[in-house]
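Asks: This is what each chain is made of:
Protein chains: 2
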Amino acid sequence: MYFCTHVILYCMTLSEENYLKAIYHLSAKSGIAVTTNDLADAMDTKASSATDMIKKLADKDFVNYKKYQGATLTKEGRLIAASIVRKHRLWEVFLVEKLNFNWDEVHEVAEHLEHIKSDKLIEELDAYLDYPTVDPHGDPIPDKYGEIQAGKKVPLSSLKPSEKGLCVGVKNTSKEFLQYLDKIEIALGIELTIIEKEVFDGSVTIAYKEFQKNISAVAAANLYVRKI
Amino acid sequence: MYFCTHVILYCMTLSEENYLKAIYHLSAKSGIAVTTNDLADAMDTKASSATDMIKKLADKDFVNYKKYQGATLTKEGRLIAASIVRKHRLWEVFLVEKLNFNWDEVHEVAEHLEHIKSDKLIEELDAYLDYPTVDPHGDPIPDKYGEIQAGKKVPLSSLKPSEKGLCVGVKNTSKEFLQYLDKIEIALGIELTIIEKEVFDGSVTIAYKEFQKNISAVAAANLYVRKI
DNA sequence: TTTTAAATTTAGACAAATCTAAAAATAGTT
DNA sequence: AACTATTTTTAGATTTGTCTAAATTTAAAA
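From first to last, the protein sequence lines stand for chains U and A. With the first letter of the first sequence counted as 1, position 117 gets the number 117 in the working numbering; the numbers rise by one all the way through. With the first letter of the second sequence counted as 1, position 195 gets the number 195 in the working numbering; the numbers rise by one all the way through.
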């Protein structure tokens with residue numbers, strides 16, 4: 001099984017790709033069929049537009065659809081959506097690692113780059129970046145078969161004193177939070193060790209680099225790590 | 001004067017950008033106003049569609065237009081068109097130098113990449129590629145003010161025996177010609193020395209690398225060099 | 001279980017970019 | 001200068017993705 005370039009290349013509009021991607025993200029979260037309203041909200045449009053597009057995607061066998069029952073991805077739809085997410089995240093890695101972008105600057109540009117259609121481009125980019133498995137926010141990059149290989153990420157707040165974690169991403173992607181992390185010099189790939197957790201407010205004292213700092217429960221819940 | 005990002009970012013559709021670029025290329029060739037038919041041919045569409053788009057671009061003050069008199073670029077239109085050509089050619093350099101693309105593979109992908117709108121992206125890319133002045137075909141890359149700095153290129157056939165040229169591009173960009181050049185190992189940046197020109201058929205004997213070969217008048221006319 | 005509220009779909013309209021076919025303007029030729 | 005032939009423009013239709021408003025279905029509550 002492999003990405004169906006022909007389909008992607010010849011048959012999908014920008015709008016179709018974006019809807020498919022939104023369905024992919026929403027169904028990953030909920031695990032069940034994506035509702036018309038949720039899809040419309042995600043796409044910042046109206047329910048009637050979402051219905052129209054779901055029908056079109058169903059006609060092309062990218063989603064399963066029964067009236068009033070929401071949409072789920074077909075195998076082919078999931079593969080295409082995964083390929084778009086793959087491209088998005090690879091471009092994000094490129095922007096951060098090669099072009100000096102910050103965490104909080106890459107998303108918008110990657111939203112456009114993800115729609116460039118060229119198998120060679122993405123394969124070469126993947127190789128050029130040395131086959132990364134997570135993007136700059138720690139989100140996993142699907143492989144070319146649409147499968148996610150990266151290990152599970154957990155919030156920093158779930159670690160106990162003396163446990164160590166590799167910083168792999170954030171839950172809250174707001175500019176404010178990312179800039180806060182920049183300020184205290186926490187970045188992707190940093191090793192963190194839990195020193196102590198305050199019972200009364202959930203704040204966590206962590207050691208990393210040459211620092212030892214205390215961060216709030218909110219911050220700890222929004223920082224993803226992979227246990228090491 | 002600088003690229004008007006706001007205009008590019010917020011006001012131009014893909015189609016408008018492509019038409020503007022086509023007008024830029026056509027008027028560079030002829031120097032005079034671009035006719036509706038020529039524009040339609042270049043865009044592989046019908047004259048009526050070209051008229052419609054010219055009107056729209058004229059409304060936005062990107063072209064000067066009088067009925068039946070064709071179109072010329074305004075200062076702002078030229079700047080935007082140049083920025084698109086700049087992006088196209090920078091991406092071509094990136095694809096060849098970093099992602100192992102060949103001369104004859106880059107154009108199609110660059111056609112899409114050129115429409116990605118981000119000042120930071122293109123500035124960083126430019127720096128990352130070390131400020132190239134020509135693309136892999138030897139065509140000049142406009143600077144960020146829309147100006148072309150690169151030296152003039154001339155066909156190899158215009159050189160006389162014992163003159164040397166740096167291979168900077170091709171006139172004929174057909175896959176066949178580019179593959180022919182690959183085969184005889186002529187590439188961008190190669191130094192060529194004219195050994196001899198045959199009077200009867202215009203063919204040229206050239207020395208380069210460890211080779212000494214004879215190429216036809218047609219080939220020599222389609223290979224651009226910069227005298228050195 | 002019936003009624004009400006919410007979610008979803010349909011119907012009809014609109015803007016963008018295109019087309020075909022017909023009308024209008026320009027240019028070339030005698 | 002008048003007449004073709006070509007070029008260009010206009011008018012009206014089509015497709016895609018969107019909208020609003022109304023109709024329909026499902027879900028929740030009394």
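It is worth saying that the hints were derived from the structure and are not from the lab. Quick caveat, the model's predicted, so the values are computed rather than measured. Worth double-checking, as some hints may not be accurate.
One copy or any two copies: either way a pair holds, since identical chains are not told apart in the list.
Derived lysine-lysine pairs resembling DSSO-like cross-links, with alpha carbons at most 30 Å apart [said to hold, decoys possible]:
| hint | residue 1 | residue 2 |
| --- | --- | --- |
| 1 | LYS46 | LYS175 |
| 2 | LYS46 | LYS56 |
| 3 | LYS66 | LYS152 |
| 4 | LYS46 | LYS117 |
| 5 | LYS209 | LYS98 |
| 6 | LYS227 | LYS117 |
| 7 | LYS120 | LYS144 |
| 8 | LYS120 | LYS67 |
| 9 | LYS67 | LYS160 |
| 10 | LYS160 | LYS66 |
| 11 | LYS56 | LYS197 |
| 12 | LYS152 | LYS197 |
| 13 | LYS144 | LYS98 |
| 14 | LYS98 | LYS56 |
| 15 | LYS183 | LYS67 |
| 16 | LYS175 | LYS152 |
| 17 | LYS213 | LYS66 |
| 18 | LYS183 | LYS117 |
| 19 | LYS120 | LYS98 |
| 20 | LYS120 | LYS56 |
| 21 | LYS56 | LYS209 |
| 22 | LYS152 | LYS56 |
| 23 | LYS60 | LYS175 |
| 24 | LYS98 | LYS197 |
| 25 | LYS98 | LYS117 |
| 26 | LYS117 | LYS144 |
| 27 | LYS120 | LYS175 |
Asks: Please name the hints from earlier in the document that this structure breaks, with their numbers sorted from lowest to highest.
Replies: 3, 6, 8, 9, 10, 11, 14, 15, 17, 21, 22, 23, 24
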